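Dock chain L against the given chain V, drawing on the hints supplied.
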Amino acid sequence: MVEAMVKKPLIKALEGDKAVAEAMRQINPDVVAAYPITPQTEIVMEFAELVAEGLVDTEYIRVESEHAAMSSCIGATSAGARAMTATCGPGLALMWETLWVASGLRCPIVMAVVNRSFSAPLNILTDQTDMMGSRDSGWVQIYAENHQEVYDNAIQAVRIAEHPDVMLPIMCGHAGFVLGHTLGRVEVLPDEVVRKFVGEYKPLYSILDIEHPKTIGAYDHWDYFFEHRRQLFEAINNALRVIPEIGQEYGKISGRYYRLVEPYRLDDAEVAILIIGSGAGACREAVDEMRQKGVKAGMLKVRCFRPFPADEIVKALKHTKAVAAMDRCECFGAEGGPLFIETCSAFFNRGLPMKMVDYFYGLGGRDTVPAEFCDIFRELSKIAETGEIKPPIVRYLAVRE
Amino acid sequence: MAIKLNEICNQEEKIAPGHRACHGCPETIIVRQVLHAITAMGKPVITASPTGCLEVCTSPYPQTAWRVPWIHNAFENASSTLAAVWTTYRHFVKQGKMEDRDIKFVVFGGDGATYDIGLQFISGVVERGQQIIYVCLNNEAYMNTGVQRSAATPLGAWTTTSPVGKVIPGKTEHRKDLVGMMVANGIPYTAQAAPHAWRDLMTKTQKAASIEGPSYIDVITPCPRGWRFPIDETIYLSRLAVETCMWPLYEVEYGKYKITSRPTQKKPVTEYLKAQRRFEHLFLPENKHIIDELQRKVDEDWERLQKLAEMD
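Heads up: the sequence lines are chains V and L, in that order. Here this note's numbering is used: the first residue of the first sequence is 186, the next is one more, and so on. Here this note's numbering is used: the first residue of the second sequence is 849, the next is one more, and so on.
In short, the hints are calculated from the structure, not lab data. It should be emphasised that the depicted structure is a prediction, and the values quoted were computed from it without experimental measurement. Warning: the hint list may mix true and false statements.
Pulled a few chain L residues facing chain V out of the computed Cβ check, cut under 10 Å [to be verified]:
| # | residue |
| --- | --- |
| 1 | Val904 |
| 2 | Ala931 |
| 3 | Ser971 |
Each computed DSBU-like pair below joins lysine-lysine, with the alpha-carbon atoms no more than 35 Å apart [stated by the list, open to error]:
| # | chain 1 | residue 1 | chain 2 | residue 2 |
| --- | --- | --- | --- | --- |
| 4 | V | Lys399 | L | Lys945 |
| 5 | V | Lys399 | L | Lys891 |
| 6 | V | Lys575 | V | Lys478 |
| 7 | L | Lys1024 | L | Lys1122 |
| 8 | L | Lys891 | V | Lys387 |
| 9 | L | Lys862 | V | Lys387 |
| 10 | V | Lys381 | V | Lys437 |
| 11 | L | Lys945 | V | Lys381 |
| 12 | L | Lys942 | V | Lys197 |
Note that the Cβ used here is the ideal one computed from N, Cα and C, for glycine as well.
Just chain V, same shape as in the assembly (with noise of 0.2 Å):
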């Protein structure tokens, strides 16, 4: 049910990057420490003029790398700050040690990650393996298919990391220049609309509080950094809990309720794609496409990866008869990519078979057309017909051989 909106949101252009820009202007973080990387420096310079014409209170930090980006973040949000920065592939490679401080720490930084690929060789354009590869560094992580979900996941990111049953740092993953720098149709909500959903931080505690004086990244040795590490690992599985519920309360002002995954066609589908991100587009316009053609097809999109939504994954797809995982990341010597592999183990745990294929596709910057999913749900098909899989079961999806 959509509930009636107080007011009515205003309908903009806006590139991908430039909706992070606008949903940062609104939430009007404390701290912001950001270093420029393509395709990420259109958010970077976006929010830099903001801060120019006085539209936002933020400390800008201006560091010399994301390394100094995240560290600044952790002890921003370590003073209780409310702090946000955003980067991609490399850059985000040169956090990766500090990824992992700041959610041992508990700091819950905000970061847009606009999607690129990592060298060598050269290359600018998207693909997800740069969160992938940080999927298991304790950070939340949640992926936009378009525009309106860059700006609508900026937003809720905040609160889904402040949560004190979650106190985690959260990435929201967009496709590098396929969203960043394309314009799409955004609904912005009121500024005060946004700033009531955010609310103030209230930190449980701040470095800053000199009466109190606190110890914060201590050396933990072998007597209790495993129960700390699990104390993480209890905290970043309730945000399988806490995403759905600020979801649903995002639908309250928004009328866009969001949710850990989010089917499509899925309710009487024989042979379904699992896909994550902005692939989503030319997917769903397949399901259609074979539809049409008597195939009963559907689609689930994973909305957040990390952590990761076993049951709701199994719950969607377990009616099926098979499945195919589409990575878009490298995932060099395993059987598969991370949602294949994951997924798999899901099926494997609750005692379900599955029938189940992987492709790579959209490597640095790839487009996948809709007949090329096309492609894939014929060929589930003849899976769910035959019952079997020709092998190899993990496949790149249009590459040269």
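Just chain L, lined up with the frame of chain V:
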């Protein structure tokens, strides 16, 4: 302001006894001097340390030696971390969310974290003018991990990664001049200090704490384990470093050089070298040229420093 010893004696220690620093380690001596100097100004202090000796010996969870707020992030980034804490503090004051109590922000970092892996971060903080006092506890090698050479290690010194072998006699390069780099970076205040000269070190700390903008104090930190000397000679070694001009005590305030303590009689570097087993191989006849080179460099630097101080 003058340092009044009898007042300082009655101040609360901001770093608790029972920490796990080695016998003879001057790190906590220096930390106490710095924190006492700021406390004597009536200013609260917030601290940070990169990974290193001081970090591990003061914060073994669930214990802590810190009676002031303290944060450890990683090895290279204590400067950016604490600088962001300062930025947040300034923001909250500006927003009226916090009272301005003129809090001082101090990093205590080893030379590895400062001269090598963290240099970019420090340089960034200085360029941005974020107001922290960075104190380098300079024991001239990576002592926490077992005496590996750093850019602060002097020429000829034995370390575990500049070992003395048949072909190579210890470290083959002179140390980096970090105070010089800070001057070039346009830092408002920087100094070299030593723990035996406690009044000098505390005065420099107070100057750093009074100045607008970032500051950097490099403190020689004789390490019995890494330098190979008896644990009761720490302060003696600190004094010798200054008396031989291996480690001159000076400061640079807005580009103006001042020598804060001149040795009454400049001793030969051999006095300093022979007191430490990390240099014992230099006294073999075939290595005499290294001692000569050290002496030449010390003389040249001292001359240069005196000229710079005269000019100002």
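### Hinted pair Lys862 (chain L) and Lys387 (chain V), Cα distance within 35 Å
Answer holds: Lys862 (chain L) to Lys387 (chain V) is near 28 Å, not above 35 Å.
### Query
Holds or violated: are the alpha carbons of Lys381 (chain V) and Lys437 (chain V) at most 35 Å from each other?
holds (13 Å)
### Message
For the restraint on Ser971 (chain L), tell me whether the closest CB of chain V is nearer than 10 Å.
### Response
holds (7 Å)
#### Entry: Per-residue hint verdict: Ala931 (chain L), partner chain V, C-beta under 10 Å
holds (7 Å)
### Query
Holds or violated: Lys942 (chain L) with Lys197 (chain V), Cα cutoff 35 Å?
holds (33 Å)
### Query
Do the alpha carbons of Lys399 (chain V) and Lys945 (chain L) lie within 35 Å of each other, as the hint requires?
holds (20 Å)
### Query
Going straight from one Cα to the other, do Lys575 (chain V) and Lys478 (chain V) come out at no more than 35 Å?
holds (24 Å)
### Task
Below or equal to 35 Å on CA atoms is what counts here, so check Lys399 (chain V) against Lys891 (chain L).
holds (18 Å)
### Query
Do the alpha carbons of Lys1024 (chain L) and Lys1122 (chain L) lie within 35 Å of each other, as the hint requires?
holds (22 Å)
### Task
Take the C-alpha atoms of Lys945 (chain L) and Lys381 (chain V), compute the straight-line distance between them, and say whether it is at most 35 Å.
holds (18 Å)
### Message
Let's test the interface hint: is any C-beta of chain V closer than 10 Å to that of Val904 (chain L)?
### Response
holds (5 Å)
### Message
Between the alpha carbons of Lys891 (chain L) and Lys387 (chain V), is the straight-line distance 35 Å or under?
### Response
holds (26 Å)
Of the numbered hints given earlier, the model fails none.
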